[in-house]
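Asker: Chains as they are written, first to last, in the numbering used here: chain A, 1 to 321; chain B, 1 to 196; chain C, 1 to 451.
Hints may contain errors.
Pulled from the structure, derived: some chain B residues nowhere near chain A, Cβ distances all over 12 Å [to be verified]:
#1 V86
#2 T88
#3 T91
#4 G138
The list that follows gives simulated cross-link-like pairs (lysine-lysine, BS3-like), each with its CA atoms no further than 27 Å apart [said to hold, decoys possible]:
#5 A:K241 to A:K151
#6 C:K136 to B:K45
#7 A:K291 to A:K95
#8 A:K173 to A:K41
#9 C:K48 to A:K41
#10 A:K173 to B:K21
#11 C:K275 to B:K38
#12 B:K45 to A:K41
#13 A:K173 to A:K220
#14 C:K71 to C:K48
#15 B:K31 to C:K249
#16 C:K234 to B:K38
#17 A:K60 to A:K39
#18 C:K48 to C:K278
#19 C:K35 to B:K45
#20 A:K291 to A:K24
#21 A:K60 to C:K35
#22 A:K60 to C:K191
#23 C:K184 to A:K95
#24 C:K48 to B:K45
#25 C:K36 to C:K9
#26 C:K184 to A:K39
#27 C:K35 to B:K130
#28 A:K60 to A:K95
#29 C:K249 to C:K9
#30 A:K41 to C:K198
#31 C:K234 to A:K2
#32 A:K289 to A:K220
#33 C:K9 to B:K38
#34 C:K198 to A:K39
#35 C:K9 to C:K35
Pairwise CB distance ranges (calculated) [claimed, not checked]:
#36 B:E165 to C:A226: 29 to 39 Å
#37 C:G115 to B:S26: 33 to 43 Å
#38 A:G27 to B:E77: 18 to 28 Å
Hints were generated in silico from the structure; no laboratory data involved.
Where a beta carbon is used, it is the ideal one built from N, C-alpha and C, also for glycine.
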Amino acid sequence: MKITIDNISIEVSEGTTILEAARKIGGKIVPPAMCWYSKLKNTGGKCRTCLVKVAQSSSKDPRPIPKLVASCSTPVQDGMVVQNITSQEVLDARKAIVEFLLINHPLDCPVCDQAGECDLQDLSFLHGVVETRSDEERREFPVIDIGDKIKLNMNRCILCYRCVFIADQITSKRVHGVLYRGDAAEISTYIQNVIDNDFSGNMIDVCPVGALTDRTFRFKSRVWFLNPMDAHRECSHCPGKVTAWMFGNEIYRITGRKDEFGELEEFICNECRFEKKELTDWFIERPKKIKRESVISANHYEKLIKSSIIHPIEGTTEQQE
Amino acid sequence: MNYECRMSGLINHKLYNREKKTIEFSAETLKRIREIIKHYPAERKKSALLPVLHIAQQELGGYLSVDVMDYVAFLLEIQSIEVYEVATFYTMFLLEPAGKYVIEVCQTGPCALCGGERILDHLENVLGIKNGETTSDGLFTLKTVECLGSCGTAPVMQVNTEFYESMTHEKIDQIIEDFKNKGNQQPSETRWADLF
Amino acid sequence: MGRPVLIEKIGIPGIRDFAVYRAHGGYSLAEKTLKKMTPAEVNREVTKSGLRGRGGAGFPTGLKWSFLDRKTDKPKYLVCNADESEPGTFKDRYLMEHLPHLLIEGLIISSFALGVKTCYIYVRGEFKYIIGILKKAVDEAYQQKFLGENILGTSFSLDIFLHPGGGAYICGEETAMLESLEGKKGNPRIKPPFPAYKGLYDCPTVVNNVETLAAVVPIIGMGGDAYAKIGIGKSTGTKLISACGNINKPGVYEIELGLPVEDFIFSEEYCGGIKNGKRLKAVIPGGSSVPVLPAGLILRTLKGEQRLMTYESLEEGGFDSGTMLGSGGFIVYDEDACMVRNTWNFTRFYRHESCGQCSPCREGTAWMEPVLRRIEQGEGKYSDIDLLVNIADKIEGNTICPFGDAAAWPVSSAIRHFRHEFEFHIEHPEIVKNPDHGSLIQYPVSSIQYR
């Protein structure tokens, strides 16, 4: 099937969504996705940041679709013509969505552990407006611990539902969900309850904002002061491939490895994530590739790493771009 | 208003101590529930959640305590959180103990146009409580509700699940008086369990 | 104007009982359908009738039915949407309360046409007594062998089950209703896939409104062609209109589509004019979600033509000067009604009823409500008016389901047509602090119709 996005054409297989096709093309025409997650089923459609204009439905039916569509959940038709950054309507809508996502957001980036690697921060930087037009009081929720390892700050949540889907899909028991409705909707366990299973920590990694953060890393460091290194260990629960966030020879935190779209390559277990913080626990492979526009790459830390701690796996050494 | 109460965060994350007493439907109700479950495909027991929650609220204490919801989850073989999600989403389910008579006054457009707001004021005066509160004798809870689909007979209110239409101040006085006279008698209502 | 088609039996004493309904010719059309017609013939009659969905969207029923995936070996479902919650709408309740067997007969005929063996009636939970009435009627139909295995000795079998809602307006949206039927929160699904392919339990499903499914009965009775002759153009047949607000005779009326709006409001046969001798200020003709129109525009289009009760005539002028027939929830406002207070009221409703799944609706409805509340209470700013228009504009079209549009239209239309009232609120806070300020506001005469 042929699809054209912002004048770039590509062949994709049936069942591909517009967003997946756009990611195949890559570059600036990829719509942002705050709720859709390729590795989790049923995600997407909710945040509306990936809305695009379908200027031609298919070669059979050349009519445009009157409303903007969510590119993450709209399958490609043969001959479809899509406008993303070439459509002012799309850009305006996206700007509006960012504003909606921000009116109740506490904007507490200076004290948020997610700052520097936050999808909402990036999104508002790229599409947002500087001023707020809302005079209303923000809705507020108490900040709570759900389990001894995870902090839930509902004020920052954009209700992407990823953490709900991940609990459904990779863990045996879900104890949290989205309760209530409308603007009162919240991620909650309803009663004081502990999210306790071997893979719960992945909720932190799939959370696009700072709503779910790692308590073992709480206020330890700004992420841009750390040097992310690809690392691995033998683990009986998970593949054991992680990113170790280091300061000197110290490991400050462990996360899963994320790809260029910020998605986890593999889910990791809580033991790797929370318990293994010693340099001796890990084989450090190499500095992690960081996108040039990320605040983290500004350190150019890869040149400063002591070679003594790196144990590259044979044949996998890559040059930093 | 519900969302204000919800947003206050008062309802959530309380340390919940499970009650010691066993919670169980009567054998007759259980039989009805098993029939209701049969209305849906065998692997879709969860479909019976809304009817069963209505029955549970009516027959297991007038509101959905965590124990009751956990029991429903057990009956339908689903996780407790799935019940909490549904019970908090729909407005007909009470999550806190309420008065014997839950009076809900419609506040939406057509009722407001025909004096629904004054009906609420009058009820507040008569009962001596504000919207959202319960009288000290535990007899009445006063709430607002959105459109009940009785706009032609506005203003309308419902007491528990019964409609009272074309309300006037005099009618309200009468109704409240009647309820007070009935006192501790259990309000007679159709059983949800008999409706499916 | 014309005899009733859909609810002609409504005046018969005891018509709620099977025996009375049957004695007056009830179920004879179901019998005729099952014994003498093929599903394809029923579909053809429904298509020919031009029947359009009576729930609000007005989508042609025959076309909707034609989308159903009939090649599948999965079970197919028919879901009857009786979650009537649109403010101003109470027609389905009236129909189910008085003619439960008409609905069941419609369900039998429709299920036969669609090849459906299981049908759910999703009734809003607040209509508990209606569930009781339907339950009795369904039980009677089972006893009389109009439901169950091999109905009337034919090979056709059908089960009808009742399912209660739990108090959520959003469950009137068809995919939210399916979620709710599956025992989940009423979060509308992302489309595609559409219910005709993947609906209830991932099986092909048709969701239709109560009135739509009941209307199938007279269509089979008189034939699709004859039904299509009632009404005007693409607005065929009759429609139940539930009238409420400041009128002398609120209630449910069956009208032939094409009736002039003016006749509907002022004739003794229908609304009987404005209550207490007041003048007409505004009308919302299709439930709270459709745009409000001032008196002048609801009676005449901008071109000066008489406005008719049809899908097309009410839409004449687009959103600038038109509105929609919607669900037929006809709300009439007299000269004392405050349109700002009313708009705030509706935004409060939409804020309360938003499912909270997608960001424009969740955040947008919760943003508009306090802004309108401030204006209504005399604490607004001029810039708030344009802000509201802008928020409504940003919600519209950007949400998962039509709820976002439904929340946005009342605001944008009220400001479009009654901007002077919003400005009045900002300029005269001391007057609007009085909760009964509707009658105290001096409005331009042009927005009020004399009669």
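Asker: Decide, hint by hint, whether the structure agrees.
Answerer: Evaluation of the provided hints:
1. V86: violated (10 Å)
2. T88: violated (4 Å)
3. T91: violated (9 Å)
4. G138: holds (24 Å)
5. A:K241 to A:K151: holds (24 Å)
6. C:K136 to B:K45: holds (24 Å)
7. A:K291 to A:K95: holds (23 Å)
8. A:K173 to A:K41: holds (17 Å)
9. C:K48 to A:K41: violated (42 Å)
10. A:K173 to B:K21: holds (26 Å)
11. C:K275 to B:K38: violated (51 Å)
12. B:K45 to A:K41: Cα-Cα ~22 Å, so holds.
13. A:K173 to A:K220: Distance of about 30 Å is beyond 27 Å: violated.
14. C:K71 to C:K48: With a Cα-Cα distance of about 23 Å, the restraint between K71 (chain C) and K48 (chain C) holds, given a limit of 27 Å.
15. B:K31 to C:K249: violated (46 Å)
16. C:K234 to B:K38: violated (42 Å)
17. A:K60 to A:K39: Answer violated: K60 (chain A) to K39 (chain A) is near 32 Å, above 27 Å.
18. C:K48 to C:K278: violated (43 Å)
19. C:K35 to B:K45: The hint is violated at about 35 Å.
20. A:K291 to A:K24: holds (17 Å)
21. A:K60 to C:K35: violated (41 Å)
22. A:K60 to C:K191: holds (20 Å)
23. C:K184 to A:K95: Distance ~32 Å between K184 (chain C) and K95 (chain A) Cα, so the pair is violated.
24. C:K48 to B:K45: Judged against 27 Å, a Cα distance of about 40 Å means the pair is violated.
25. C:K36 to C:K9: holds (24 Å)
26. C:K184 to A:K39: Cα-Cα ~23 Å, so holds.
27. C:K35 to B:K130: Violated. K35 (chain C) to K130 (chain B) sits at ~60 Å, over the 27 Å cutoff.
28. A:K60 to A:K95: violated (32 Å)
29. C:K249 to C:K9: Holds - the C-alpha atoms of K9 (chain C) and K249 (chain C) are around 21 Å apart, at most 27 Å.
30. A:K41 to C:K198: holds (16 Å)
31. C:K234 to A:K2: violated (38 Å)
32. A:K289 to A:K220: This hinted pair holds, its Cα atoms lying about 22 Å apart.
33. C:K9 to B:K38: violated (34 Å)
34. C:K198 to A:K39: Within the cut-off at roughly 22 Å; holds.
35. C:K9 to C:K35: holds (24 Å)
36. B:E165 to C:A226: 29 to 39 Å: Holds, since E165 (chain B) and A226 (chain C) (Cβ atoms, about 37 Å apart) stay within the stated range.
37. C:G115 to B:S26: 33 to 43 Å: holds (40 Å)
38. A:G27 to B:E77: 18 to 28 Å: Violated - the Cβ-Cβ distance for G27 (chain A) and E77 (chain B), about 48 Å, lies outside 18 to 28 Å.
In this structure, the hints that do not hold are numbers 1, 2, 3, 9, 11, 13, 15, 16, 17, 18, 19, 21, 23, 24, 27, 28, 31, 33, 38, in rising order.
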